[in-house]
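Using the hints, put the two chains back together into the complex; each one sits in its own frame.
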Amino acid sequence: MDAPVRVLVADDEEDIRLLVCVAVRKAGGTVVAAVADGAQALAAARTERPDLLVLDVSMPEVSGLEVCEQLRADPATAGARVLLLSAGASPDDIARGLAAGADAYLAKPFPVAGLVDQVRRLTARTPA
Amino acid sequence: MTALTDRDTTAPAPLAPAPAAPAGRRRRTAHAVPAAVAAAGLVVLVVSPGTPAVLLAVVAVAASIAELTRRLRVQSSAAADLEAQRLDLLTLGQSTASELEVATRMMRARAQTMTSVIDAVTEQSIIGTDRDGLIRVWNPGAERMLGLPRAEVVRLRSITDFHAPEELDPEDGSPAGPADRFAALVRGAQEHGSDVRDWTYLTADGRRLTVSVAITPRTDDDGEQAGWNFVGTDMTEARATERLKDQFVSLISHELRTPLSSILGYLELVLDDEEQPLTDEQRQYLNTVERNAQRLLRLVGDLLFTAQVDAGKLTLQPEDVDLAGIVRAAEETARVTAAARGVAVVLDVPAEGLVVRGDALRLGQACDNLVSNAVKFTPSGGQVTLQLGTGWRDADGGVTDGASPGATPVAVLSVRDTGMGIPTGEQGRLFTSFFRASTARRNAVPGVGLGLTITKAITTAHGGTLGVTSAEGRGTTFTLALPLG
Numbered sequence: 000m001d002a003p004v005r006v007l008v009a010d011d012e013e014d015i016r017l018l019v020c021v022a023v024r025k026a027g028g029t030v031v032a033a034v035a036d037g038a039q040a041l042a043a044a045r046t047e048r049p050d051l052l053v054l055d056v057s058m059p060e061v062s063g064l065e066v067c068e069q070l071r072a073d074p075a076t077a078g079a080r081v082l083l084l085s086a087g088a089s090p091d092d093i094a095r096g097l098a099a100g101a102d103a104y105l106a107k108p109f110p111v112a113g114l115v116d117q118v119r120r121l122t123a124r125t126p127a
Numbered sequence: 000m001t002a003l004t005d006r007d008t009t010a011p012a013p014l015a016p017a018p019a020a021p022a023g024r025r026r027r028t029a030h031a032v033p034a035a036v037a038a039a040g041l042v043v044l045v046v047s048p049g050t051p052a053v054l055l056a057v058v059a060v061a062a063s064i065a066e067l068t069r070r071l072r073v074q075s076s077a078a079a080d081l082e083a084q085r086l087d088l089l090t091l092g093q094s095t096a097s098e099l100e101v102a103t104r105m106m107r108a109r110a111q112t113m114t115s116v117i118d119a120v121t122e123q124s125i126i127g128t129d130r131d132g133l134i135r136v137w138n139p140g141a142e143r144m145l146g147l148p149r150a151e152v153v154r155l156r157s158i159t160d161f162h163a164p165e166e167l168d169p170e171d172g173s174p175a176g177p178a179d180r181f182a183a184l185v186r187g188a189q190e191h192g193s194d195v196r197d198w199t200y201l202t203a204d205g206r207r208l209t210v211s212v213a214i215t216p217r218t219d220d221d222g223e224q225a226g227w228n229f230v231g232t233d234m235t236e237a238r239a240t241e242r243l244k245d246q247f248v249s250l251i252s253h254e255l256r257t258p259l260s261s262i263l264g265y266l267e268l269v270l271d272d273e274e275q276p277l278t279d280e281q282r283q284y285l286n287t288v289e290r291n292a293q294r295l296l297r298l299v300g301d302l303l304f305t306a307q308v309d310a311g312k313l314t315l316q317p318e319d320v321d322l323a324g325i326v327r328a329a330e331e332t333a334r335v336t337a338a339a340r341g342v343a344v345v346l347d348v349p350a351e352g353l354v355v356r357g358d359a360l361r362l363g364q365a366c367d368n369l370v371s372n373a374v375k376f377t378p379s380g381g382q383v384t385l386q387l388g389t390g391w392r393d394a395d396g397g398v399t400d401g402a403s404p405g406a407t408p409v410a411v412l413s414v415r416d417t418g419m420g421i422p423t424g425e426q427g428r429l430f431t432s433f434f435r436a437s438t439a440r441r442n443a444v445p446g447v448g449l450g451l452t453i454t455k456a457i458t459t460a461h462g463g464t465l466g467v468t469s470a471e472g473r474g475t476t477f478t479l480a481l482p483l484g
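Protein chains in written order, with numbering that gives the first Met the number 0: chain S, 0 to 127; chain G, 0 to 484.
For reference, chain G alone in the conformation it holds in the complex (with noise of 0.2 Å):
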């Protein structure tokens, strides 16, 4: 083994092989090396009995600053790794800290919007609540129906303050407290996730509204529900003029068809009595008043009927009616005024008959508004076809004659005429109640437009739909369809 070993070339200068030992008092030796100094790498010197003290001495200090310098370098690697880990959690923060602010600028502006969104509506209430009904939100909407600044309310006031409590309070009459109460009115939105209905609320002023009220859970950012949501909609006059109609409605229900009772029914006495039999002039002079009596009795029939779709009153009684027979009833009803005006009804309906799922009285009226039109508004020798068959409605409504994907098997029944037409311009407007063609009011054909917008809900309610095309001057075509099946 050589006297001497470097291990480490890196070796500070102070600590290169001493030359202080000449060569001649080199020798081998089988000493045992410190150990710390061995395991620092440094340069290793051979001692040995004869070695002076002071080499010694520099031997151990060389090794003391070689492991205090390894240590020193330890440490200084150390830190440079913290000092990059700084940097790079400083870096961290920052880009954080500047997508917390991002974050936070856009949470603010959504915010902001949401109140401005809120502030805006003033036609409106709307009132946030904690999940216990304490107010959290009042919007100007809410101010100007219920009559209270936002900070007389928000945080101090229960939403079943301004709820009129009998609409709250069980039915047995038992005392309800205010959680009961809120219950009470939260319970149809908590059973279906949200409900819509009206209550009715109480201003500051004593005043009693009738209220469309929506009623949502409101949530947090984690999903919780933090609350509910109260959207209303001041209903008090819409209602009251809903009530006024309804009123109107039975009154004509009873003031004129009471007289038209007593017109037709006496009518019919003297008609049909067989002891006193009238002449052919008295009987021709009843007849008219009959046949007006009648006519006003469809006019207070067709008003009714044009109230109830308007109130979504319309019910059907639903059974299965063969369109064939009711076409057919339809031709044999307008018949004698056809033949009268000079109008040739032409029938096409299958023999076999055509049956749809539907009200049988219904129908039989939808067919005779359109049959009765189309006499009325062709000129003498002219025709009216009706033609009865089946066909495919497409998803967009259209009736073609061919299937094609997606669509569904529909009853056609068309009734077209050779009359004077609906100018292209009003057509859009012909199932509008009261509105009448401008080919029609120069004609003076008579009628109040009610016919078809009746047949248009008769045929909606079936779920059917119902058509036109027409030119002025050559006729037009009514298309009814009714699904099959």
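Chain S extracted, bound-state conformation (with noise of 0.2 Å):
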């Protein structure tokens, strides 16, 4: 039987942080790190080696884009699947997130059902 997927979480809005971790246990994912900032997410991603990052956009000092330009960067990462959530939902928002290196891009508010296929659709590329 596959291993479940490691999954960090990282997000700012501690009810969110909560939600999205419900999300990925409905989709059968584990959780292996929930953190509040960007510079906690880089550190877990290095450590815990996570098949996917559910990173928030607007974390303070170092923000969900440029995580995941540093993920991408870093050969040991740089592998990992990113998918960015984000109360910014324009077409450039949008962009902005897929140039960074980002997966899929979920706009808030994102119903839980909508965020468990994606977690499940992403971690299913993961080989086991």
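Honestly, I wouldn't trust all of these hints.
As a list, the in silico SDA-like pairs of lysine to any residue whose alpha-carbon atoms are at most 25 Å apart [unchecked claim]:
1. S:Lys-25 with G:Thr-257
2. S:Lys-25 with G:Leu-266
3. G:Lys-244 with S:Pro-59
4. G:Lys-244 with S:Ser-62
5. S:Lys-25 with G:Glu-274
6. G:Lys-312 with S:Arg-95
7. G:Lys-312 with S:Ser-89
8. G:Lys-244 with G:Leu-313
9. G:Lys-312 with S:Pro-90
10. G:Lys-244 with G:Arg-428
11. S:Lys-25 with S:Asp-11
12. G:Lys-312 with S:Ala-106
13. G:Lys-244 with S:Ser-57
14. G:Lys-244 with G:Leu-296
15. G:Lys-244 with G:Thr-314
16. G:Lys-312 with S:Leu-97
17. S:Lys-25 with G:Pro-276
18. S:Lys-25 with G:Tyr-265
19. G:Lys-312 with S:Ala-94
20. G:Lys-312 with S:Ser-62
21. G:Lys-244 with S:Ser-89
22. G:Lys-312 with S:Gly-87
23. G:Lys-312 with G:Leu-429
24. S:Lys-25 with G:Asp-272
25. G:Lys-312 with S:Ser-57
26. G:Lys-312 with G:Asp-197
27. G:Lys-244 with S:Ala-106
28. S:Lys-25 with G:Arg-282
29. G:Lys-244 with S:Gly-87
30. S:Lys-25 with G:Thr-278
31. G:Lys-244 with S:Ala-88
32. S:Lys-25 with G:Pro-258
33. G:Lys-244 with G:Ala-306
34. G:Lys-244 with S:Pro-90
35. G:Lys-312 with S:Ala-88
36. G:Lys-244 with S:Asp-92
37. G:Lys-244 with S:Arg-95
38. G:Lys-244 with G:Arg-196
39. G:Lys-312 with G:Val-447
Source of the hints: derived by calculation from the structure; they are not laboratory data.
Given the structure is predicted, the values throughout are model-derived calculations rather than measurements.
This is the structure we're talking about:
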């Protein structure tokens, strides 16, 4: 049996962070770290080596976009999947997210069922 | 040949045939006549060796006098011609001088007008330079904006002295001289004929102003470029306000949408929890919470959308869109609310569909707004009719069934209700943000007055038109026309 996919969640809003964790578990994943800012997300990504990172774009100090770019620049983390969550939903916002290296982008507020689907879709592409 | 020949009847009296010679002494002779005398056309006396010396002298004198007289006459004639020419030239000169004076007066008046106009401009800076950037014109608006009087600037300072150097220096950080900076300043205008953009002006007291500057070339009377004009409007406060508005929009986007994400997300978890099903009553309460959260979310979305439109940031993702499908979806969305209110919704759309080029999401939003508005403003027992077809839009924007010269084909959606209507005097303001018709306020119809503003903006962005006809107490028809093909 495949090991559950390892997911890192980063959002400065605790309520949203918990909600995302619920969605990850509903998708069959394991939350390896749930952090409140970009710097912690980068540090946890290097130690935990998650299969997927669910990142809020607007986080203090280091934004989700910057985390994404730094992950891609580091060979140790470049292969991880990234799902960005953001209150910005304009085509420009989405384009910026994808340009930073994200695999998918979900605008807030998002249906939990939609997030579950995205987590399943992104982790299904991860080799077992 | 006769002795006497008169070739010139105008000859002066002293030169008339000399009566001194007696008839008996006249004789025919073959002697030559002096050429000068003959050429003078004078009375010619034929002489012979016997002609007295006195007579010959008289003849010679007479010939000389005749020659002199002739020359005098020629000179007199030339002098008369010259006098006439002098008079002509004098007249011409006077006329030219007069015209020149008029032209000079006109030029002075024009220059005076220009100066007074430029001097009357106190809210915009008007700065004229020569081709190298040396300032030649500095109006009161420039004095006020930049804090220096004309006397301290004209012919003394370069326009680049008043620009933030970092905006004119090369991006690679290489050193730039005054000529390089001026070239950078006018490059856009040089390439495109004119240039309007924001620049940072430096004032005499060290302030930095954001100024929208229109740069155009200035030509002299011969059409040669004499320099450049810089007309500036201080946008410092306006740009700061725009930044504040952007920050506000960003704040709304994040601070309102984030808690709504939590509310709606956790509601979904509770409502969809199959392991712990809710009672009907609990579900009803939570559905009410969800409905209101969705309403709040729509309001936030509408505010953001309006801000985007105001900022000119509305972008469309065009594709082929079946407008019939969109109208059907709008009817479906409004169906439950309409039924609850006792309003019948009649749908009349072509079964084969009607494809337009547009942004499906935005067109759906526009249709939803029109349909939900119609339902909202129609009392119980009333009817809302959604009719989709084709028509023609003439040059004035009017939409008709038949083609006319210059008209273009359009898809026409009319949303007709039998509601409370809109007073005639208020119809012109219907598409203004936050405007609410008095009938809506009197009847406590919920809303904030953004739906029609948004619908109009979406329609306009698609190259379409949105019109309204209404009669208070009888109903309203909105007509949305979108270009076909």
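Taking the hints in turn, this is what the structure says about them:
{"no.": "1", "hint": "S:Lys-25 with G:Thr-257", "result": "holds (21 Å)"}
{"no.": "2", "hint": "S:Lys-25 with G:Leu-266", "result": "holds (16 Å)"}
{"no.": "3", "hint": "G:Lys-244 with S:Pro-59", "result": "holds (21 Å)"}
{"no.": "4", "hint": "G:Lys-244 with S:Ser-62", "result": "holds (22 Å)"}
{"no.": "5", "hint": "S:Lys-25 with G:Glu-274", "result": "holds (13 Å)"}
{"no.": "6", "hint": "G:Lys-312 with S:Arg-95", "result": "holds (16 Å)"}
{"no.": "7", "hint": "G:Lys-312 with S:Ser-89", "result": "holds (10 Å)"}
{"no.": "8", "hint": "G:Lys-244 with G:Leu-313", "result": "holds (16 Å)"}
{"no.": "9", "hint": "G:Lys-312 with S:Pro-90", "result": "holds (11 Å)"}
{"no.": "10", "hint": "G:Lys-244 with G:Arg-428", "result": "holds (23 Å)"}
{"no.": "11", "hint": "S:Lys-25 with S:Asp-11", "result": "holds (21 Å)"}
{"no.": "12", "hint": "G:Lys-312 with S:Ala-106", "result": "holds (18 Å)"}
{"no.": "13", "hint": "G:Lys-244 with S:Ser-57", "result": "holds (19 Å)"}
{"no.": "14", "hint": "G:Lys-244 with G:Leu-296", "result": "holds (20 Å)"}
{"no.": "15", "hint": "G:Lys-244 with G:Thr-314", "result": "holds (19 Å)"}
{"no.": "16", "hint": "G:Lys-312 with S:Leu-97", "result": "holds (20 Å)"}
{"no.": "17", "hint": "S:Lys-25 with G:Pro-276", "result": "holds (17 Å)"}
{"no.": "18", "hint": "S:Lys-25 with G:Tyr-265", "result": "holds (14 Å)"}
{"no.": "19", "hint": "G:Lys-312 with S:Ala-94", "result": "holds (15 Å)"}
{"no.": "20", "hint": "G:Lys-312 with S:Ser-62", "result": "holds (24 Å)"}
{"no.": "21", "hint": "G:Lys-244 with S:Ser-89", "result": "holds (17 Å)"}
{"no.": "22", "hint": "G:Lys-312 with S:Gly-87", "result": "holds (14 Å)"}
{"no.": "23", "hint": "G:Lys-312 with G:Leu-429", "result": "holds (22 Å)"}
{"no.": "24", "hint": "S:Lys-25 with G:Asp-272", "result": "holds (11 Å)"}
{"no.": "25", "hint": "G:Lys-312 with S:Ser-57", "result": "holds (21 Å)"}
{"no.": "26", "hint": "G:Lys-312 with G:Asp-197", "result": "holds (18 Å)"}
{"no.": "27", "hint": "G:Lys-244 with S:Ala-106", "result": "holds (22 Å)"}
{"no.": "28", "hint": "S:Lys-25 with G:Arg-282", "result": "holds (22 Å)"}
{"no.": "29", "hint": "G:Lys-244 with S:Gly-87", "result": "holds (16 Å)"}
{"no.": "30", "hint": "S:Lys-25 with G:Thr-278", "result": "holds (23 Å)"}
{"no.": "31", "hint": "G:Lys-244 with S:Ala-88", "result": "holds (18 Å)"}
{"no.": "32", "hint": "S:Lys-25 with G:Pro-258", "result": "holds (22 Å)"}
{"no.": "33", "hint": "G:Lys-244 with G:Ala-306", "result": "holds (8 Å)"}
{"no.": "34", "hint": "G:Lys-244 with S:Pro-90", "result": "holds (20 Å)"}
{"no.": "35", "hint": "G:Lys-312 with S:Ala-88", "result": "holds (13 Å)"}
{"no.": "36", "hint": "G:Lys-244 with S:Asp-92", "result": "holds (18 Å)"}
{"no.": "37", "hint": "G:Lys-244 with S:Arg-95", "result": "holds (22 Å)"}
{"no.": "38", "hint": "G:Lys-244 with G:Arg-196", "result": "holds (21 Å)"}
{"no.": "39", "hint": "G:Lys-312 with G:Val-447", "result": "holds (22 Å)"}
Of the numbered hints listed earlier, not one is contradicted by the structure.
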